[in-house]
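Those sequence lines, one after another, are chains A and B. When you line the first sequence up against full-length UniProt numbering, it's residues 1 to 204, in that order. When you line the second sequence up against full-length UniProt numbering, it's residues 1 to 204, in that order.
In short, the hints are calculated from the structure, not lab data. Since this is a predicted model, take the numbers as computed values, not measurements. The reader is advised that the hints may include incorrect statements.
[Unchecked claim] Think about it this way: if two alpha-carbon atoms lie no more than 30 Å apart in a straight line, the pair counts; the simulated DSBU-like pairs of lysine-lysine are:
(1) Lys-24/B <-> Lys-50/A
(2) Lys-35/A <-> Lys-23/B
(3) Lys-77/A <-> Lys-23/B
(4) Lys-164/B <-> Lys-35/A
(5) Lys-50/B <-> Lys-50/A
(6) Lys-24/B <-> Lys-23/A
(7) Lys-35/A <-> Lys-50/B
(8) Lys-50/A <-> Lys-23/B
(9) Lys-77/A <-> Lys-24/B
Chain by chain, the residues:
Number of protein chains: 2
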Amino acid sequence: MNYPSRLIEDAVSEISRLPGIGKKTALRLALHLLKRDEQQTRGLSEALLKMRTQTCYCVQCHNISDEEFCNICKNPKRDSSIICVVVDTRDVLAIEATSQFKGLYHVLGGIISPLEGIGPSDLNIDSLIKRIENSPQDERVQEIILALSPTMEGDTTAFYLQKKLKPSEVKVSTIARGIPIGGDLEYADEITLGRSIVSRVAYD
Amino acid sequence: MNYPSRLIEDAVSEISRLPGIGKKTALRLALHLLKRDEQQTRGLSEALLKMRTQTCYCVQCHNISDEEFCNICKNPKRDSSIICVVVDTRDVLAIEATSQFKGLYHVLGGIISPLEGIGPSDLNIDSLIKRIENSPQDERVQEIILALSPTMEGDTTAFYLQKKLKPSEVKVSTIARGIPIGGDLEYADEITLGRSIVSRVAYD
């Protein structure tokens with residue numbers, strides 16, 4: 001496209017490097033910012049740069065944090081004997097929103113994906129093993145919950161983690177797969193429905 | 001949502017002020033930037049600020065421009081006797097991409113919309129009238145094409161412009177409404193199909 005100004009072209013090209021944003025959307029966003037108060041663009045620009053340069057990660061669970069230890073790891077009310085392994089911060093937020101988990105997290109920072117060139121060494125797996133080994137005797141890690149997506153990459157990562165965790169003799173579990181609440185049996189895919197029968201839960 | 005860091009929260013809140021981007025998408029974009037090279041965020045942040053603070057507008061047609069007159073207004077090969085009135089830069093880009101128009105443009109900078117509090121005085125309408133009045137005798141503006149969307153706001157703006165342009169005795173036309181190329185008669189809405197019959201075009 002023949003942009004009317006070099007500055008617009010640069011902005012569109014930078015915005016469209018973001019995932020899921022094409023040239024047309026980028027142009028729409030750029031023109032929107034041009035129409036608004038200069039302060040809005042300044043705020044956006046500064047917030048992005050500040051976030052990228054100053055964000056740090058919890059030294060224990062690798063979640064994004066403002067300090068050395070994140071709010072969850074610092075919280076004495078959380079159960080440190082149970083660790084939920086997730087891919088990224090979004091998963092932590094999603095599980096926290098359920099209020100059903102009172103343990104700690106471990107953020108892998110990605111998922112094993114040979115296609116994208118991401119191997120086990122690129123993820124925070126060694127630190128998970130060390131974290132289990134180094135846990136104090138009175139607060140020993142008892143269980144690791146793998147909360148990974150049921151995709152090829154998720155299953156590969158879960159399989160790798162199971163093997164890696166075997167020597168440490170902690171209990172390893174995975175989040176339940178089954179029919180979502182409100183889901184209709186008729187429209188569930190065969191694999192999910194099959195899995196929900198195999199992993200059926202007995203009434204108390 | 002309970003963000004793990006103040007910096008992320010600020011970035012998400014700034015990103016989600018953009019049109020069509022909610023909190024979830026904003027978080028996804030923020031986490032994407034965190035994973036990438038710092039240079040990408042720096043580039044984006046600088047391009048946005050530079051665009052907002054340094055972009056200027058063509059003094060004649062109000063299109064975005066790097067200089068006093070935009071590339072189209074400066075081009076001596078363009079026909080200055082015919083002006084196409086559009087809402088914003090995106091429309092100029094869209095019409096330029098067709099290669100069917102060799103005249104000049106006039107960018108209104110918006111559309112009359114009482115709901116959003118945008119009246120005629122907020123648009124570049126007076127400068128259009130002056131531009132026609134002040135056009136030199138040998139390059140007199142002969143025709144104004146209104147290229148506005150066939151929406152309520154577009155029709156209101158077109159109606160207002162027609163009235164305003166009447167005293168200057170230029171020919172005023174509008175882009176054709178009808179069945180799009182490749183469109184199927186069966187699926188065309190009644191108003192469009194009706195309009196295409198009323199505005200039928202005779203074969204030469």
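Checklist entry - Looking back at the hints listed earlier, which ones does the structure fail to meet? => result Failing hints: none at all.
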